[in-house]
Amino acid sequence: AQSVSQHNHHVILSEAASLELGCNYSYGGTVNLFWYVQYPGQHLQLLLKYFSGDPLVKGIKGFEAEFIKSKFSFNLRKPSVQWSDTAEYFCAVTSYSSASKIIFGSGTRLSIRP
Amino acid sequence: NAGVMQNPRHLVRRRGQEARLRCSPMKGHSHVYWYRQLPEEGLKFMVYLQKENIIDESGMPKERFSAEFPKEGPSILRIQQVVRGDSAAYFCASSLNSGTGGAKNIQYFGAGTRLSVL
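Heads up: the sequence lines are chains U and W, in that order. All residue numbers for the first sequence refer to our numbering, where the first residue is 1 and numbers rise by one. All residue numbers for the second sequence refer to our numbering, where the first residue is 1 and numbers rise by one.
Hints in this document: simulated from the structure, not taken from any laboratory. Be a bit skeptical, because a hint or two may be false.
[Claimed, not checked] Straight line, CA to CA, 20 Å or less: simulated SDA-like cross-link-like pairs of lysine to any residue:
1. K104(W) with K71(U)
2. K104(W) with H29(W)
3. K61(U) with I106(W)
4. K71(W) with Q45(U)
5. K61(U) with K71(U)
6. K49(U) with I106(W)
7. K71(U) with S3(U)
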C-alpha cells in the first residue's frame, strides 16, 4: 500500500533561516507528488505539484521541491522563511493507477520566530 | 473567488445524533472527494463521487457513513448515530477531472467542517 512519511512533526525556525522539510513515499510505480499548506484557520492550499518533467519544481511564495526518484523523496525547500510561513505543511502522493485518491503524510507544523 | 464551500464550519452533536456535512464544489468541477483528519494525523481519503455516482468509497467506514452528490445541490456526507470517535475535521475537495488516462488531477480543498461529538 502507498504511504507518505514526513520526518519532522514540528519545526521551529527564526526568520530568514533556510527551510527543508523531508518527505518520502513508498510506491513502486509512477506517482504524482504534491505539497499542500494549511495556514491557521484556513483551507488547504496547493503549494506546488509534480507530474512529470523537470524534477525541480517551483511553487508559490518562494517554495520549491525536488523529486529524487531513486530516493523516493520530494523534499520541500525555501531559502529564507518569513513569519507568515507559519503553517502546517502536508506532503501528498497519488499514483497513476489511482489518481483520484490522495495519500497524505501526517504533516509538519512549522513555527517561525519573528 | 468561488472556491470549495463547506458548511457548517463547526458542528456539535451529541452521541446518537446525525451529522450532515455539505460541500459545494468549485464552479465547473464535477468531481468531489471527502477526507477526514483525526487529531495529530494527516488527511485520510474517504470517498470520491461524481454527479449522482459513487466512484470510490474504499475509505468509508462500513457502517453509519454515507455520501451523495445529487444532480442538483451540494455533496452531502452523512454520519448517523455519531460516536465520540467521529470527532474530526472533515474536508471536501473538488477537481475538474478524474486523473484517469494520465489527465492531471488537481484537487482544491474547502476550509473543512470540524465535528465535535459530546
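Evaluated hints:
1. Of the pairs offered as hints, the one joining K104(W) and K71(U) is violated, with about 24 Å between alpha carbons and a cut-off of 20 Å exceeded.
2. As the CA atoms of K104(W) and H29(W) are separated by approximately 14 Å, the hinted pair is consistent with the 20 Å bound.
3. A distance of roughly 19 Å separates the Cα atoms of K61(U) and I106(W); the hinted pair therefore holds under the 20 Å criterion.
4. Distance restraint check for K71(W) and Q45(U): the Cα-Cα separation of roughly 27 Å exceeds the 20 Å cut-off, and the hinted pair is therefore not satisfied.
5. Restraint check: the Cα-Cα separation between K61(U) and K71(U) comes to about 26 Å, which exceeds 20 Å; the hinted pair is violated.
6. For the hint linking K49(U) to I106(W), the alpha-carbon distance of about 9 Å falls within 20 Å, and the restraint holds.
7. Annotation: proposed proximity of K71(U) to S3(U) holds, straight-line Cα distance about 14 Å (limit 20 Å).
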